[in-house]
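Respectively, the protein sequence lines represent chains A and B.
Under the working numbering, the residues of the first sequence are numbered 1 to 355, in order.
Under the working numbering, the residues of the second sequence are numbered 1 to 402, in order.
Derived from the structure by calculation, the hints contain no laboratory data.
Accuracy of the hints is not assured; some may be wrong.
[Claimed, not checked] Quick partial rundown of chain A residues pointing at chain B, CB under 10 Å, derived from the structure:
(1) Arg96
(2) Asp114
(3) Lys186
(4) Pro245
(5) Asp249
No residue lacks a Cβ here, since even glycine has one placed at the ideal position from N, Cα and C.
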Amino acid sequence: MRVLHVLESLAAGGIETTFLNVLSAWRDETPWASHEVLALADGALGPRYRGTAAAVHVASAPDDIEPLVCGAYDVVHFTFERCAVRWLPVVVARSRAAVVYGKGYDMAGMFRLDGDFPWQPDESLMWGADAVTFTTEPLAQAFQAPPARVTVLGKAAAVRRFAAVPPADATTPRRVVCVANLHARKRLGDLVSAVAAVRLDLPDVSLRFVGADATGEGERLRAQAAALGMAGACEVVGRRDDVAPELADARVFALPSGCEGVPTAMLEAMAAARPVVMTDVGHVTSVVTDGVEGYVIRAGDVDQLTRRLRTLLAEPDRARSMGLAARARAMAHDVTTVADRLAGVLRSAAAGRAA
Amino acid sequence: MIGAPFRPGPWSTQRALGFFERIGRDHALRFEELGVADDEGAAVARPMWDLYERHWRRFCGTRLDPLGASLDHPARLTGVMRADRGGPVVVVGTGPSLAQHLPALRRHRAALHLVTSPRGAAVLAGAGIVPDLVLVEHQTALDAQFSVNDLRHRPSSALAAAPLVAADARTPAALLRGVTPGRLFVPDPMPTWGLWPATAVALAILGNAGAIALLGIDLGTADAPDPAQAPLRDVLSLLASCTATPCLDLGRGGAPKPGWPWSDLSMLDGGRRAGPLTLESRSWRASDERAGHVAAALDRLAPIVRQAYETIEAAEAVRDGRASPHLRSRLDDGYDRLLAASASKTVRVDVQDMLGASFLPRLWRTAIAPAFGPASWRPALLACHEFVAQAHAWRRRLERAA
């Protein structure tokens with residue numbers, strides 16, 4: 001069985017990272033298909049994809065893409081709305097391959113959750129596909145897809161490898177870490193303001209941003225930190241292949257984003273036994289209960305963010321117990337479960353098409 | 001790469017941009033429908049069409065307004081910008097070359113007309129520079145929503161500070177808050193294939209710019225051009241070949257663009273103040289008139305919508321393996337008729353420009369595999385689902401508005 005997985009890019013985003021972990025999980029088991037990847041742009045995860053998939057094609061020109069998506073595959077699996085809008089119509093018109101549309105928390109998905117973006121093409125794609133997958137049940141409920149063709153995969157991350165990170169204790173630096181692509185919609189400036197306020201009571205607290213920066217956001221964060229007198233206590237370090245050491249050196253994970261689905265980085269931090277401070281956006285609360293694994297605050301509420309961070313940084317016992325609760329909850333989201341479910345969907349779609 | 005170089009006179013430039021704009025409307029399925037009547041016209045239009053086929057597969061989607069943003073557009077004016085004194089227009093993007101040129105841009109600012117995007121305006125504002133015109137254009141409704149989301153989380157006053165704001169008719173109103181009506185217009189003509197730097201260049205040509213330069217439109221590096229930017233690179237080269245206006249690239253280090261030789265900002269500074277860009281404007285159609293156009297289109301499309309509903313029913317039965325021979329035949333007939341509807345230009349315009357449906361127009365342009373058999377439910381459901389959903393959504397919207 002040959003499967004072509006179509007991604008928008010190989011950048012280090014949540015969907016790309018999760019799917020890479022799924023591919024890795026498949027590689028570790030008995031081969032049941034040859035998995036090729038088509039990405040419309042390369043990116044930071046390119047080398048890891050090339051080491052995992054049977055073949056990786058990076059193409060942006062229609063003359064290059066068309067022969068690939070209409071090639072001799074049993075299944076063509078789309079993972080993003082943009083590439084699906086552009087190429088799924090071509091596949092269903094010109095190829096006999098089964099088509100699976102994977103709906104995760106891409107931008108159209110997240111905008112739809114905001115309630116002001118009823119973009120029809122995204123939903124219609126689901127009616128032209130042989131099968132549709134959703135990351136979570138609440139996301140599936142936001143769309144009217146043909147019910148008999150829908151599978152909810154569950155939100156997953158490669159959480160097991162973070163289980164080796166020891167829980168934070170009094171020797172762990174009093175640091176807040178944020179792992180995210182640096183972008184305005186993440187509202188990372190709120191975190192700088194909040195940590196600056198916490199430092200009035202706890203002057204040894206520091207902040208560290210880990211993530212790719214394609215928009216110059218890092219420079220803005222540095223300037224803001226300098227203006228608040230904490231230039232030396234705020235680091236913007238760029239993307240890291242392995243974030244486990246970053247999590248190990250922090251007491252709290254915080255992401256004050258204004259637009260999320262269920263962030264992969266949050267699950268990884270939880271698996272590393274770090275309490276999290278998150279905003280009530282997307283479906284974050286499907287994985288975090290306020291006051292149990294950390295705190296859930298209103299997006300844009302810097303005062304509330306400040307209070308929650310201060311609590312966790314000043315009360316290590318509370319932070320530790322929440323971190324352990326976070327680890328326990330995160331372990332239910334291991335990627336192998338999702339990999340198994342997605343394999344089932346792809347096999348079933350291929351069988352249905354062959355029949 | 002584009003076809004043979006074409007060196008036009010002033011009349012031919014207008015004509016070339018006319019072809020460019022007409023192709024970008026997506027109203028023609030075939031080159032012959034462009035109505036190119038003579039050899040000179042064919043020499044101009046054919047390379048454009050080839051590019052349109054190669055990168056866009058004959059569908060830019062520049063007129064799709066699936067969410068009806070045009071009904072809420074705050075502009076009251078339409079028209080064209082004019083560089084009255086023939087000053088140079090610099091189209092400013094936010095690529096890496098912009099940052100290194102900001103000091104020079106400040107130095108020569110008075111001699112230049114600056115045209116940029118909202119993001120470019122924000123970067124220029126950080127350097128204390130106010131552009132002459134901000135062009136707000138997005139390829140798709142999804143791109144526009146990105147900008148709405150960005151603005152929600154990082155408010156910017158850069159747009160409000162610009163003397164002129166040209167906004168595509170499909171621009172969400174949320175992006176234009178704070179822009180006073182006298183400074184806001186919808187470009188007409190709107191020579192676009194959905195890529196704002198190319199649109200800005202085309203508007204500058206139409207506006208009689210003395211020279212046109214690119215800055216921060218890097219499209220990769222000199223050593224490694226970004227393949228994803230090939231459509232923009234090729235369209236910029238095409239536009240340069242359509243005009244006698246000098247076209248220059250100030251972003252040394254970026255990808256080379258045929259027809260845009262490297263130059264320096266100082267070469268554009270003739271020591272004369274460029275003065276403001278002016279707007280040659282007229283009133284824009286009121287939203288109730290726009291709603292009237294959509295209502296009329298819905299009435300015209302009603303028989304096809306009914307047919308699409310029937311096709312959906314047949315397609316679902318085939319998909320679920322419960323189709324009688326009669327239903328199979330109804331699916332094939334219905335789908336064939338939807339494809340055949342493309343023979344009417346009125347239908348094409350109504351489906352694309354009025355309903356904002358995208359999949360049926362794409363299928364009109366995609367060769368359908370022959371003898372597709374049972375799998376034909378997929379393209380049929382894809383296209384019909386969007387088509388009837390858009391029709392339904394517009395009906396509801398118009399009823400609410402009434």
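Verification of the supplied hints:
| no. | hint | verdict |
| --- | --- | --- |
| 1 | Arg96 | holds, 6 Å |
| 2 | Asp114 | holds, 8 Å |
| 3 | Lys186 | holds, 8 Å |
| 4 | Pro245 | violated, 30 Å |
| 5 | Asp249 | violated, 28 Å |
Violated hints, in rising order: 4, 5; the structure is consistent with all others.
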